[in-house]
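A.B. asks: Each protein sequence line maps, in turn, to chains L and R.
Note that this note's numbering gives residue 94 to position 106 of the first sequence, counting from 1, and the numbers run on in steps of one.
To convert, count from 1 in the second sequence and add 373; that's this note's numbering.
Hint data in this document are derived by calculation from the structure and do not stem from the laboratory.
In this text, a Cβ means the ideal position worked out from N, Cα and C, and glycines have one as well.
Some clues are possibly wrong.
Stated by the list, open to error - Keeping only pairs whose Cα atoms sit at most 16 Å apart, straight-line, the calculated EDC-like set for lysine to aspartate or glutamate is: (1) L:K118 x L:D184; (2) L:K118 x R:E448; (3) R:K645 x R:E592; (4) R:K557 x R:D621; (5) L:K191 x R:E448; (6) L:K118 x R:D455; (7) R:K528 x L:E101; (8) L:K46 x L:D69; (9) L:K118 x R:D457; (10) L:K191 x R:D457.
Stated by the list, open to error - Listing some non-contacts, in silico: residues in chain L with all C-beta distances to chain R over 12 Å: (11) Y57; (12) L74; (13) L83; (14) L130; (15) G153; (16) A180; (17) F201.
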Amino acid sequence: MAEADGSSRPFAGLSDVSISEDIPVEGDISMPTISSSQDDGFSTLDEPVKDTVLRDLKAVGNKFVHVLYPKKSKALLRDWDLWGPLLLCVTLALLLQGGSVDSKDDGGPQFAEVFVIIWFGSVIITLNSKLLGGTISFFQSLCVLGYCIMPLTVAMVVCRIVLLGSSGTVSFAVRLVVVSASFGWSTFASTAFLADSQPQNRKALVVYPVFLFYFVIGWMILTFAPAQ
Amino acid sequence: MATTKDPFEFQEFEESESLLEENRDATTINIDDVKESQKQRRPGMNEDEVDLLTNDDKAELLSGQKKNAPFWSFEYYQKFFDVDTYQVRSRIIGSVLPWRGKNFIELYVRRNPDLYGPFWICATLVFAIAICGNISKFLMNLGSPNYKYTAEFRKVTIAATAIYSYAWLVPLALWGFLLWRNNKVMNLVSYSFMEIVCAYGYSLAIYIPAVVLWIIPSEGLRWCSVVVALCLSGSVLLLTFWPAVKDDHLRVSIAFMSAIVILNILLAVGFKAYFFSSESPHQRTNYSAVTQVQSKPLT
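Okay, chain R solo, but in the shape it has when bound:
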């Protein structure tokens, strides 16, 4: 009996090996194991988070069917909008509440990265910054007689350029870097480009309430909310990307992490400095008067 069994076992083993090689998705077993261990580690996990995990599995099965759609077809993009209201809500909440050991991509996004959230969060942020910056400028100059209100529509374009390039180019750079490092050092966790875009887009959500707070003309409160928003979104990003570079050399992983933090700080402080500047209005009106006088002889 034993002699007849052995060859069968060997063949089966070989077959499953080749299946594993064919099907890249088979590595998902590892990730599910990680998820399981996370679930066991935190017994106090919410009901809907568990629900989310099972739903993600369902979404994975569904998107598995659509995987063959070529990138120029409408169906290809439809799979990036395959989210429901409760998923978007839980992702936004998850992106502003960093907990230790909680990985945003692994917990909320895995295998169903959406573009709905990133796109509309960026759009909301663009208009929130332009409108709130305008209101705050109006409030600051409320008393002065030689201030004339303007809508400053040009700032919408500038804000859109800054925010959309941050939300797309930085993930592109990170993704390229992670690919390069993955060739050199085997990492346990690797993220796809869409997952990184998704994480970055949702990490901008905290800036929307912060920007609305900046209307109040008080410098202390503004800097306070800048720091709070920076800490929240920065720590979510750090917790998310730390597993991806954890196994690398210490110097490389520190450089990677600090690049993420520095870019985030640059964005937040840039918003604060450009759209909510506290420069005195008189200088500006004088300057524009001077330029008008200068430009008159030309025309």
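The following block holds chain L by itself, in its conformation from the complex:
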């Protein structure tokens, strides 16, 4: 009963309000039904598959732009996805295939090795930053680390093109410059996204593993030599 009293009290004052007959009472009572015009924007059940794929691709492409121009945007962190990292990782691993294999165990990294290094490396870096007390979630960190491989994948494409031409000292110098530039870019971009989630006095501890991770990937790209 006490509850009923409490709920009726706010309307107690209404009994004093008298509404005169000549003022029309108007109002818009909207029922919480989903109107058909809103439905088009949000339901993905009845749209063509092409639209779905294109929308996801657009989101992935949008994040690529954020990596290329890391202006402390939170878009990469807010809605994470792992499609971009998967795409980049597979592309990089495929491009690193077909290296020179003289004897079977002395060649460059195989597809599985590249794949494992990238995924295990980013999982370990993420765990490291979580253990150090970072406020970023697990998949957000994986997403950022995966997307920031993009400059290195681009460097790999450039290296392949350069290697088509020649494999002398000049080509090595060009590859060295390209790979170190993209390595710096990757590290800088991921740091811009990740470092904010850490306490001030632990930033270096989080950035160092990221540096090592991209350095190793950069090394794999630089030492890649195609089979003759």
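Using the hints, position chain R against chain L.
C.D. replies: Below, chain R without anything else, positioned relative to chain L:
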């Protein structure tokens, strides 16, 4: 008055005794005393080292709250990563500069052993050895026409296996040995497993600059840096573990110390011999050519 006081005193004494028995950490008083005496012995101690000691106390208080977390939970492992940048830096510096009477575990690690340093120092060392070994091999064979550059990615796996097993299995063995000896002979100082892992991990830090130096293709310089790195990391380990076996029989403590030194030498010389071998390139290419010829009829 005196007769009423006496029973009170006796009861108090008993109470503190039982408290001591309940709380194992109460033995820390002894260690703090040791620290105090060390501070008094060396008045020229740095400001940040004193700062470190007080901070360690703070860390002890903080980790005391988290002690109840079970080992499968995330929080349990979080306490091994409870370090700041300046702590890691001072631990790395402390692990390469042995001073007489300076105990690495007691001075830097006490009650806040971290796994950050050991893990990432090992990871850095793995890739440093594989990459530098590859570069040095490339430089050595630069002129020869029948040498073809390969990335030798397999060596990363071998280096990782060697280094991580050294950094975990040796501390496990040492810890087991110290436990066993502690039952037989009462030692003043005893280390936990994590503290030993921490000391071993940080003692590998000196090998990273040494390995980078090994790129230069000069055998004399390489052996020089091997010896320097061995002396530094070996003496830090010896100074750290000597107090733990000091009170034991002389023969046992000498055997323990020499085991530490021999394992360290094996690691360093093994690195040098396997990853930076100075064997001539022609033998290797001939050998691989022979194996290729042999394997052809099979396929």
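A.B. asks: Give a verdict on every hint.
C.D. replies: Cross-check of the supplied hints:
1. Only pairs whose Cα atoms come within 16 Å are accepted, and K118 of chain L paired with D184 of chain L is accepted, the gap being roughly 13 Å.
2. Note on K118 of chain L and E448 of chain R: the hinted pairing holds, with a Cα-Cα distance of about 10 Å set against a maximum of 16 Å.
3. The suggested pairing of K645 of chain R with E592 of chain R holds, with an alpha-carbon distance near 10 Å, which does not exceed 16 Å.
4. A C-alpha spacing of about 9 Å is found between K557 of chain R and D621 of chain R, which places the hinted pair at or below 16 Å, so the restraint holds.
5. Between K191 of chain L and E448 of chain R the alpha-carbon distance is near 20 Å, which puts this suggested pair outside the 16 Å criterion.
6. Restraint check for K118 of chain L and D455 of chain R: satisfied, since their Cα atoms lie roughly 11 Å apart, inside the 16 Å limit.
7. With a C-alpha separation of about 13 Å, the suggested pair K528 of chain R and E101 of chain L falls inside the 16 Å cut-off, and the hint holds.
8. As the CA atoms of K46 of chain L and D69 of chain L are separated by approximately 12 Å, the hinted pair is consistent with the 16 Å bound.
9. With a C-alpha separation of about 14 Å, the suggested pairing of K118 of chain L with D457 of chain R holds against the 16 Å cut-off.
10. Restraint check for K191 of chain L and D457 of chain R: the C-alpha separation of about 9 Å stays at or below 16 Å, so the hint holds.
11. Y57 of chain L, annotated as away from the interface, keeps every beta carbon of chain R farther than 12 Å; the closest lies near 29 Å.
12. Chain R leaves L74 of chain L outside its interface by the beta-carbon criterion, the shortest separation being 22 Å against a cut-off of 12 Å.
13. Distance check on L83 of chain L: its Cβ is at least 14 Å (rounded) from any Cβ of chain R, clearing the 12 Å threshold; non-interface status holds.
14. With 12 Å as the threshold on Cβ separation, the claim that L130 of chain L sits away from chain R holds: the shortest Cβ distance comes to roughly 17 Å.
15. Look at G153 of chain L: its CB is around 18 Å from the nearest CB on chain R, clear of 12 Å, so calling it non-interface holds up.
16. Taking the minimum C-beta to C-beta distance to chain R, about 19 Å, the non-interface status of A180 of chain L holds against the 12 Å cut.
17. The Cβ of F201 of chain L does not lie farther than 12 Å from every Cβ of chain R; its closest approach is about 9 Å, which violates its non-interface assignment.
Checked against the numbered hints given earlier, this structure breaks hints 5, 17; the rest are met.
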